[in-house]
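Respectively, the protein sequence lines represent chains A and B.
Just so we're aligned, residue 1 is where the first sequence starts under the working numbering, counting upward by one.
Just so we're aligned, residue 1001 is where the second sequence starts under the working numbering, counting upward by one.
What the hints contain is simulated information worked out from the structure, not anything from laboratory work.
For glycine and all other residues, C-beta sits at the position ideal for the given N, C-alpha and C.
Accuracy of the hints is not assured; some may be wrong.
Just a few of them, taken from the derived set where beta-carbon distance is under 7 Å, the chain B residues facing chain A [as the list claims (entries may be wrong)]:
1. Y1031
2. N1032
3. Q1034
4. K1042
5. G1043
6. L1044
7. S1046
8. L1049
9. Q1051
10. F1098
11. F1100
12. T1102
13. G1103
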Amino acid sequence: GAVVSQHPSRVICKSGTSVKIECRSLDFQATTMFWYRQFPKQSLMLMATSNEGSKATYEQGVEKDKFLINHASLTLSTLTVTSAHPEDSSFYICSAREVGDNSPLHFGNGTRLTVT
Amino acid sequence: KQEVTQIPAALSVPEGENLVLNCSFTDSAIYNLQWFRQDPGKGLTSLLLIQSSQREQTSGRLNASLDKSSGRSTLYIAASQPGDSATYLCAVAAGNQFYFGTGTSLTVIP
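Okay, chain A solo, but in the shape it has when bound (with noise of 0.2 Å):
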């Protein structure tokens, strides 16, 4: 079946600098990914939709410098947290979508960052 890696797993990092998340999507093409943000206990909460060689889409309240996306080609998206806080520790999980209306979604493992 449709496999989408992210990676890292788990980052660490100190307040003020920045983290790359990657998001591949490893034996199909993905016109279109997803970046979620989720809290302990709570469903996914959708940050920005990225489309392979366009802006991404930003939902409301998430701040586009912040969180930078890049989605380069049909098999990878990455998102950089820029400048991180405390406050951006968090689980951030990425799914990519094959092409076609009614294609699946297919999700990574999910990315634990903690800022200290």
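Fit chain B to the known structure of chain A by using the hints.
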């Protein structure tokens, strides 16, 4: 805007029981509906995908149904096992967006 609701929020059953998880959505104009499982600290694993033209899908002990006109889907788990303990989420695809329910946290007691 599409709203997806899952009931119950939490469920605890003894091992071996059959159980049903519910998902409802407000707008029937969907492409498909997907059921996912999420283990603590992990991403989501797709369990079943039902296209809008389909009524149900089965995989092993899992059976998902879809009634688009009434905006409902159910996930039936037969002969539950402790390994089924997880959070189950449903998501509907509409346009280029996916709308998620808040999940049902399932605990199967040995």
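Each hint tested on the structure:
| no. | hint | result |
| --- | --- | --- |
| 1 | Y1031 | 5 Å, holds |
| 2 | N1032 | 6 Å, holds |
| 3 | Q1034 | 6 Å, holds |
| 4 | K1042 | 6 Å, holds |
| 5 | G1043 | 4 Å, holds |
| 6 | L1044 | 4 Å, holds |
| 7 | S1046 | 6 Å, holds |
| 8 | L1049 | 5 Å, holds |
| 9 | Q1051 | 6 Å, holds |
| 10 | F1098 | 6 Å, holds |
| 11 | F1100 | 5 Å, holds |
| 12 | T1102 | 5 Å, holds |
| 13 | G1103 | 5 Å, holds |
The structure meets every hint from the earlier list without exception.
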